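Asker: Sequence:
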Amino acid sequence: MKMFGLTGVAFAALFQALGIGLFISGSYGAPAYVYPMHVHLSYGETDMQMVVTWTTYNLTDSVVEFGSSYLSNVVKGQVTKFFDANDTNGIWYIHRVTLQDLKPGMKYYYHCGSDQGWSDLFFFTNRRTDINWAPWIAAFGDMGSVNGRSIPRLQEEVAKGTIDVILHVGDFAYDLDSNGGAMGDAFMQQIESIAGYVPYMATVGNHENAMNFSHYKQRFSMPGDNQGIFYSYNLGRIHFVSISTEVFYYTQYGTAQIETQYNWLKKDLEKANEPKNRERYPWIVVLGHRPMYCAIADTDDCDLVRDKVRVALEQLFYEQGVDLEIWAHEHEYERMYPMYNYTICKGSEAYPYKNPAAPVHIVTGSAGCQELHDTFLPQPKWVAKNVLDYGYTKLKAINATHLYLQQISDDKQRIASMYARLVTPLGWYMRVNMSSTSHNRGCNSCALMLTYVEERNLMF
0 MKMFGLTGVA FAALFQALGI GLFISGSYGA PAYVYPMHVH LSYGETDMQM
50 VVTWTTYNLT DSVVEFGSSY LSNVVKGQVT KFFDANDTNG IWYIHRVTLQ
100 DLKPGMKYYY HCGSDQGWSD LFFFTNRRTD INWAPWIAAF GDMGSVNGRS
150 IPRLQEEVAK GTIDVILHVG DFAYDLDSNG GAMGDAFMQQ IESIAGYVPY
200 MATVGNHENA MNFSHYKQRF SMPGDNQGIF YSYNLGRIHF VSISTEVFYY
250 TQYGTAQIET QYNWLKKDLE KANEPKNRER YPWIVVLGHR PMYCAIADTD
300 DCDLVRDKVR VALEQLFYEQ GVDLEIWAHE HEYERMYPMY NYTICKGSEA
350 YPYKNPAAPV HIVTGSAGCQ ELHDTFLPQP KWVAKNVLDY GYTKLKAINA
400 THLYLQQISD DKQRIASMYA RLVTPLGWYM RVNMSSTSHN RGCNSCALML
450 TYVEERNLMF
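Numbering (numbering that gives the first Met the number 0), first residue to last: 0 to 459.
Subject to a maximum C-alpha distance of 30 Å in a straight line, what follows is the list of computed DSS-like cross-link-like pairs (lysine-lysine):
#1 Lys395 / Lys380
#2 Lys380 / Lys411
#3 Lys275 / Lys265
#4 Lys216 / Lys395
#5 Lys395 / Lys411
#6 Lys106 / Lys216
#7 Lys307 / Lys216
#8 Lys216 / Lys102
#9 Lys384 / Lys395
#10 Lys216 / Lys75
#11 Lys307 / Lys384
#12 Lys159 / Lys106
#13 Lys411 / Lys384
#14 Lys159 / Lys411
#15 Lys106 / Lys395
#16 Lys270 / Lys216
#17 Lys395 / Lys265
#18 Lys106 / Lys75
#19 Lys102 / Lys395
#20 Lys102 / Lys75
#21 Lys265 / Lys216
Per label pair, the in silico range of CB-to-CB distance:
#22 Arg95 / Leu70: 13 to 21 Å
#23 Asn340 / Ala255: 21 to 29 Å
#24 Ala296 / Ser71: 53 to 61 Å
#25 Asp297 / Arg95: 33 to 41 Å
No lab work stands behind these hints: they were computed from the structure. Predicted model, so just to flag it, every value in this text is computed and none were measured. By construction, the Cβ of each residue, glycine as well, lies at the ideal position given by its N, Cα and C atoms.
I would like the entire structure built from these sequences, with the hints used as guidance.
Answerer: See below:
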């Protein structure tokens with residue numbers, strides 16, 4: 000049902016934000032206040048789980064009906080009543096249902112809701128568990144409801160099956176809590192056509208800080224028991240680690256969170272580097288919002304040598320053989336040379352990504368928001384490529400020895416940067432060429448191989 004070009008759900012969201020008690024019929028004649036909205040998927044604790052999350056404005060049951068051919072399975076979940084402390088009208092009911100015992104690579108159809116009203120029919124393909132699976136992964140940050148330039152292209156890619164999972168590396172909606180949460184509602188509805196079909200994995204950013212990140216914690220359902228602030232999971236041949244860079248900045252919510260995350264992170268990376276784990280998941284990729292390095296004309300920490308995130312975590316990532324660090328926050332794309340402690344670890348001048356001895360950093364915060372772009376400083380020697388186009392990063396771990404990355408330009412409708420194949424993860428060198436008690440590696444001495452990067456203007 001549409002009125003003035005808006006769905007009944009969108010109209011109800013608007014009137015709810017205005018405090019007007021409008022009663023609209025949604026799908027299947029259901030009242031809009033009990034109609035499921037903001038449907039999105041996320042990975043569960045195991046390969047056989049998928050979590051379905053959605054919102055209603057009034058209390059209902061939490062039910063998902065799903066199946067591989069017809070909706071033969073019924074699963075009930077939990078509902079949480081969420082208050083926006085800054086808006087007395089800000090009340091949401093967040094529903095979470097975990098689908099269990101899913102078969103690897105199986106396509107499932109589902110809808111969610113209750114007898115009071117059901118969502119549209121969605122579908123997803125569960126992740127495979129064999130070592131030959133190489134999913135396409137889209138990564139970006141800083142995408143807002145206004146000027147969300149990458150949303151149409153992401154919608155198209157998901158519809159065509161060219162993206163298997165989304166990694167949103169902080170800063171959602173601008174902001175999730177703005178206008179009493181109405182901006183967050185609009186954003187969650189915008190991404191439903193993406194996140195209802197592929198897992199939408201979230202990393203917290205600075206724009207989620209209101210009320211101790213409560214909108215982020217409530218609206219998203221990530222693995223682990225840390226409310227999505229930090230967690231890890233395996234996908235294909237990659238071990239992904241999502242962290243909060245915000246613990247170093249919003250200390251009004253407590254400083255214990257810094258030590259808690261660090262201890263968890265160290266333990267997680269050490270486990271990922273156990274021989275059997277590093278062999279199965281040879282690539283380690285860290286996701287965090289605020290970058291350690293950037294060359295942007297503003298006052299952000301990443302322009303400073305004493306960047307808080309870098310000082311706290313760079314040595315740990317270096318010692319634990321992290322291969323790739325994906326950041327956002329700055330509204331642009333930057334690719335660094337392999338580096339540690341402001342030292343460039345090129346394999347050679349001709350082939351800088353061959354035999355690097357340090358992680359590669361990427362900043363991908365140009366998916367689009369009302370704050371538009373940042374401005375580059377003169378390009379320092381450790382920046383290999385920078386682009387101001389709107390867009391997002393795609394990556395794929397082709398196998399245990401090749402990781403492929405590219406930057407998609409929404410402005411030019413093409414691959415803007417980084418046709419790259421990383422050959423042999425850093426952890427391989429650590430296991431084979433160093434003692435089992437030391438993970439330290441010297442810059443310019445690592446036996447890691449990476450084929451050189453070409454900038455190709457390819458049509459996407």
